[in-house]
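In terms of our numbering, the sequence shown opens at residue 1 and continues consecutively.
Just so you know, the hints here were simulated from the structure itself, not pulled from any lab data. It cannot be assumed that every hint is accurate.
[Claimed, not checked] Think about it this way: if two alpha-carbon atoms lie no more than 27 angstroms apart in a straight line, the pair counts; the simulated DSS-like pairs of lysine-lysine are:
hint: 1; residue 1: Lys73; residue 2: Lys121
hint: 2; residue 1: Lys212; residue 2: Lys252
hint: 3; residue 1: Lys48; residue 2: Lys121
hint: 4; residue 1: Lys48; residue 2: Lys29
hint: 5; residue 1: Lys292; residue 2: Lys248
hint: 6; residue 1: Lys48; residue 2: Lys73
hint: 7; residue 1: Lys252; residue 2: Lys237
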Amino acid sequence: MCFSVWLFLAFFARASADICSVIHYSANKWDADCADKNLTVLPDFSDKPVVVLDLRNTSLTSNITFKGWNHLKYVDLSFNNLYDLRSDTFGGIDELETLNVSYCSLQNISGLQDKGKTLIKLLDLSGNNRLPPTPDFLPTLNTSLARGTQSLYINDIGITNFPPQFFISAVSLLRLHMRDNLLLELPIFPLNLRSLDISNNSIVVLHDNPFKMCTNLVTLVVQNSPELIEVDVDAFKYLLNLTVLSLKGNRKLDHLPNGVFSHNDNLREVSLAECNFKTLSPYFEPKFLGLKQVELYGNPWECNPSIQWFLALNSSSTALSSVRCENGLPYVQYFGHVKQTLMRNVMILLVVMTLSFFVIGGWYIYDLEKRRRTANPYWRLGRKNPMTDPVYISTIV
1 MCFSVWLFLA
11 FFARASADIC
21 SVIHYSANKW
31 DADCADKNLT
41 VLPDFSDKPV
51 VVLDLRNTSL
61 TSNITFKGWN
71 HLKYVDLSFN
81 NLYDLRSDTF
91 GGIDELETLN
101 VSYCSLQNIS
111 GLQDKGKTLI
121 KLLDLSGNNR
131 LPPTPDFLPT
141 LNTSLARGTQ
151 SLYINDIGIT
161 NFPPQFFISA
171 VSLLRLHMRD
181 NLLLELPIFP
191 LNLRSLDISN
201 NSIVVLHDNP
211 FKMCTNLVTL
221 VVQNSPELIE
231 VDVDAFKYLL
241 NLTVLSLKGN
251 RKLDHLPNGV
261 FSHNDNLREV
271 SLAECNFKTL
281 SPYFEPKFLG
291 LKQVELYGNP
301 WECNPSIQWF
311 LALNSSSTAL
321 SSVRCENGLP
331 YVQYFGHVKQ
341 TLMRNVMILL
351 VVMTLSFFVI
361 GGWYIYDLEK
371 RRRTANPYWR
381 LGRKNPMTDP
391 VYISTIV
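Sequences are here, hints too, so could you generate the full structure?
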């Protein structure tokens, strides 16, 4: 009976291998794409040089092991019903470049923290919202980071907080994505972090303390946070290498303090799109003029002279055509109309002033001549000057 079961599974594994798409890049590098196939066991590739294995949405369960897959570097197991990762799941594999187990209904990953187990450079645990309440979640995560994980994705897992010091010792961590969670406070992020995405959390105020070690951070994404109402003036003061900042979609954010970017000399891209800005201080004009890209669309701008400085921004860096006033009128059209109206009024004023000058000048000359003739009524014929001693001649006939 057992032999029959083993024979059936072996046959099914071979059949599964036959329905996977395999690309042979070289004799020692194969890619196997088994995504969206209805599998119950792993395809029989363990003795083949498969480097990349895509098993997305294949109905696999936790009863799998990759023991003997010595060439494997990239594994995608997302959207399966794995429930847990056991200590022997990746037994024999010393290093994985990528392990994606997102949206797998995981309840236990304690097998990943066994001593001497696999180094996973990129670990994606997103969508497994049953993990945070388990007692082994944070210790396992800490073990993975201590082994040298460089990229960690823990989006949409429903976590509400991390211990403040949790990430400090993660010296190898370069990329951290923890968006779509319920974080009220942020932990302190590690020194060597290059990219951070904390979008769609419950943060109210963005302070400087979480970033006080992040002197190497290049990209910071804080988008679509429904409760974010304020960015502290010193929030980015430690981010000396910050190049890309996105505050897009924070619908309650309606102002930025002057000087918030005063320490960010390397800043090149800023997005303030789809927030609640009605005005923005001209203080930001020198900083924004030096940026490669600025996004300002999707805000209820009050079109008045306080934001007319937007016109000075390079058209290649700022798509002003998509910026609209709160009444729906395009920004460029509004200020173009204002400019035309101003020019017309200036021309009318100049014409009126010119006519007034000639009228007043003519009246002045006329009055001057009248006064002179009235003051000197006696003129010698053919002379320009009046006589001082006129002689009266009477003729009597």
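Right, here's what the structure says about each hint:
1. Lys73 to Lys121: Measuring from Cα to Cα gives roughly 10 angstroms; hence the hint holds.
2. Lys212 to Lys252: Distance of about 25 angstroms is within 27 angstroms: holds.
3. Lys48 to Lys121: With Cα atoms ~23 angstroms apart, Lys48 and Lys121 stay inside 27 angstroms; holds.
4. Lys48 to Lys29: holds, 9 angstroms
5. Lys292 to Lys248: The hint holds at about 17 angstroms.
6. Lys48 to Lys73: With a Cα-Cα distance of about 13 angstroms, the restraint between Lys48 and Lys73 holds, given a limit of 27 angstroms.
7. Lys252 to Lys237: holds, 23 angstroms
Violated hints: none; the structure is consistent with every hint.
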